[in-house]
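We have chain W already, so just place chain C on it with the hints.
Number of protein chains: 2
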Amino acid sequence: MSKSFNETDCQILEEILRLRRDVRGNYFTDEPVSKALISHLIKAALYAPSVGYSQPWQFVVIRNESVKQQVYQSFKQANAVGSSLFLGDKKRDYKALKLEGILEAPVNIAIFYKPSKTPVLGQTSMKDMGRFSVVCAIQNLWLMARALNIGVGWVSIVDAQQVKQAVNADEDAELIGYLCIGYVKEFLDEPELKQKGWAEQKNSQDVVFFDSFPR
Amino acid sequence: MSKSFNETDCQILEEILRLRRDVRGNYFTDEPVSKALISHLIKAALYAPSVGYSQPWQFVVIRNESVKQQVYQSFKQANAVGSSLFLGDKKRDYKALKLEGILEAPVNIAIFYKPSKTPVLGQTSMKDMGRFSVVCAIQNLWLMARALNIGVGWVSIVDAQQVKQAVNADEDAELIGYLCIGYVKEFLDEPELKQKGWAEQKNSQDVVFFDSFPR
Chain W
-18 MSKSFNETDC
-8 QILEEILRLR
2 RDVRGNYFTD
12 EPVSKALISH
22 LIKAALYAPS
32 VGYSQPWQFV
42 VIRNESVKQQ
52 VYQSFKQANA
62 VGSSLFLGDK
72 KRDYKALKLE
82 GILEAPVNIA
92 IFYKPSKTPV
102 LGQTSMKDMG
112 RFSVVCAIQN
122 LWLMARALNI
132 GVGWVSIVDA
142 QQVKQAVNAD
152 EDAELIGYLC
162 IGYVKEFLDE
172 PELKQKGWAE
182 QKNSQDVVFF
192 DSFPR
Chain C
-18 MSKSFNETDC
-8 QILEEILRLR
2 RDVRGNYFTD
12 EPVSKALISH
22 LIKAALYAPS
32 VGYSQPWQFV
42 VIRNESVKQQ
52 VYQSFKQANA
62 VGSSLFLGDK
72 KRDYKALKLE
82 GILEAPVNIA
92 IFYKPSKTPV
102 LGQTSMKDMG
112 RFSVVCAIQN
122 LWLMARALNI
132 GVGWVSIVDA
142 QQVKQAVNAD
152 EDAELIGYLC
162 IGYVKEFLDE
172 PELKQKGWAE
182 QKNSQDVVFF
192 DSFPR
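So the protein lines, in turn, are chains W and C. According to our numbering, the first sequence is numbered sequentially starting from -18. According to our numbering, the second sequence is numbered sequentially starting from -18.
Think of the hints as simulated: they come from the structure by calculation, not from any bench. It is possible that some hints are incorrect.
Pairs involving identical chains hold if they fit within one copy or between any two copies, as the list cannot separate such chains.
To be verified - Derived pair list, reagent style EDC-like, types lysine to aspartate or glutamate, alpha-carbon separation capped at 20 Å: (1) K(-16) - E167; (2) K95 - D109; (3) K95 - E152; (4) K175 - E(-4); (5) K16 - E46; (6) K79 - E181; (7) K175 - D74; (8) K108 - E152; (9) K108 - E155; (10) K79 - E167; (11) K183 - E173.
Just chain W, with the same shape it has in the complex (with noise of 0.2 Å):
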């Protein structure tokens, strides 16, 4: 018979959920993260669907300074490109906030999906679907880094290119994902750009609909 989890092992999941946050440098501490933990994180990972059952991940776990330097120097590049999209009130929001937790947290973790050469079950119509597991692998480790009280920050504000060279990756692997991670001071009780009124939430009935969007 098939596992039957109950309503204590929903709501758990349902905390962890609710209480999973976006970790930046200023929320970061510098108490070790040790191999055991890292591994942890990535059996989760690696728990995750993919299409056609291709597993089409790679991890590169980062301490090393230097690759993580050349991270944040394009991050650097990249924010100031981001930073002068915004006009106004939002730039000033903008240059206010702490985007990164690339040199805080002890560790990085660079994420990327690697192609496959042959034709793969399940992503013959939607070309994204190899890409879009390596996403799930990146939302296992993340749900298991909170339930480990581990912050996890996702930066995005980077040039894939320059990462995928700090880590002398195939030419062919693209990056999804880059992640800090690291014990926390504290998980805020609810997202930063929510707290700080970067963005509101949106009502559900906006974006839920049935059997059609409203014709």
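What follows is chain C alone, placed relative to chain W:
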């Protein structure tokens, strides 16, 4: 103080991650799935991280037979194209697999990415980040479904444009995932494609690297 999870919580999460399966039509039962249960799943999805707190997701909960039939016809066409890409034994094995549960599952959910018309914080360098946020929401939903002992199958062998037409989606909305949802006869112990020998499980040392890929 932030909530601190304990070892039992971690073990429960790990079991949910490990025992989550992709469910196809031959495993769904016709036991009805309540509105409350679908709301519970969507609530879990909405706890997902989203780049710049953009919440760029749209969910269409489908019970209408005519909509399901349109999506099923799209699957049949796309699957004929997909199977034609495999040769010899692989083609035989492909054709023997049940790859969707569109009509068997009492509920389907189509999940879309709705791009922002203005710049999104964190999406200025990596343009796929909005899509990836939607995938995180799908993985949250999938895990909560497993905790509720509900099966989910992700159908990727469809023409996204045809699915959009079937639910009257805006032109700029992008289909990210199409899920079949229902109670199941059983959850397999392992991914079906692994059990049936379609592909082997990769060794973790082949996908995990330290500081850099080998030079």
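> Which earlier hints can't be squared with this structure?
Replying inline: none
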